[in-house]
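Participant: Based on the sequences and whatever the hints tell you, model everything.
Protein chains: 2
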Amino acid sequence: MRVLGIDPGLTRCGMGVVDGTVGRPLTLVDVNVIRTPSAWAVPERLVYIEKGIEARLDEHQPDAVAIERIFARSDVSTIMGTAQAAGVAMVCAARRGLPIALHTPSEVKAAVSGNGRADKAQVGAMVTRILRLDAMPKPADAADALALAITHIWRGGAQSRIDAALAAARTRA
Amino acid sequence: MRVLGIDPGLTRCGMGVVDGTVGRPLTLVDVNVIRTPSAWAVPERLVYIEKGIEARLDEHQPDAVAIERIFARSDVSTIMGTAQAAGVAMVCAARRGLPIALHTPSEVKAAVSGNGRADKAQVGAMVTRILRLDAMPKPADAADALALAITHIWRGGAQSRIDAALAAARTRA
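So the protein lines, in turn, are chains A and B.
First residue of the first sequence? That's 1 in the numbering used here, and the numbers climb one at a time after it.
First residue of the second sequence? That's 1 in the numbering used here, and the numbers climb one at a time after it.
Read the hints as simulated data drawn from the structure, not as lab findings.
Please note that a few of the clues may not be correct.
[To be verified] Derived Cβ-Cβ restraints for the label pairs, each shown as a range:
1. B:Ala135 x A:Glu59: 51 to 57 Å
2. A:Ala168 x B:Glu54: 54 to 60 Å
3. B:Arg132 x A:Ala110: 42 to 48 Å
4. B:Gly97 x A:Arg35: 41 to 47 Å
5. A:Leu133 x B:Asp119: 54 to 60 Å
6. B:Ala72 x A:Ala169: 31 to 37 Å
7. A:Val22 x B:Asp75: 50 to 56 Å
8. A:His60 x B:Arg96: 26 to 32 Å
9. B:Arg2 x A:Asp119: 48 to 54 Å
10. B:Gly116 x A:Thr21: 43 to 49 Å
11. A:Ala125 x B:Gly116: 40 to 46 Å
12. A:Arg24 x B:Gly97: 45 to 51 Å
Beta carbons are placed, not taken as given, at the ideal position from N, Cα and C, and that holds for glycine.
Facilitator: If you want it as structure tokens, here you go:
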């Protein structure tokens, strides 16, 4: 399966695409970061992010999208923009009927490093090793997006399959 | 000018359209509330809200959109959904190049009632009087959306004109 991982943010929105299945080596397909200047109005920044996500979805046609789950207790100065960027990412995926899974930072850290409290450097190092890359993806948002995609593949996408089945059932009802 | 006011929320998203200019009686064009069941997944709820907002924009072709400004200190249990619904509303308006203004609850209360700490009932009563309605719009989200549109017209849309000019300048640059 091919998964697009998204680490949402207004200033930097990380996007990583990974191919693979549980128990086999995973492959990096694409990684990049959408950046928007803080001088822009928030609506414009969100539209720019939407266009960037749509372009990646068009190009890579993922089977599922994994987005970082945001908590209301996160950094207050950036939480609103992060939540809004995550909302835009969800809408982009849901409009296409793609399964969407939200993974918490702890789940992602635990999945790739075995330690739910791993730091950025540890996550980056594990992503580099898992995808057999020559160098650590930078910035951290890029590595985090790849870690989200890896987490999703390793968890077997069970939750997203359940959600998709429920969504399909509702559409038929 | 015609303004679409949006009181964002996942469970209830209020939308009110008001016609008028400063110093003249204002007219109610439309008011309604988009509701999504809490049993739905968040991405589906956001897509449903997006469709509802798009339908109102198509139908009423407003000159500007006024959205309630959300603060990170708001009710933690609903803040993420509210922020995401607000983000979707911003994207819908910005994609069409419409001027967008964010007004805080205090600004709206002060504009329609003269009291920045007015309660829901006072805001509803003033909206009813300003728009010469027979009954108070319900639920409160509907009245709040109309109050946002009224606030925007009475403030002369100055901020949104500045934002639109800046956005246009950037597009040309």
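Participant: Identify every previously stated hint that the structure contradicts and give their numbers, smallest first.
Facilitator: 2, 3, 4, 7, 10, 11
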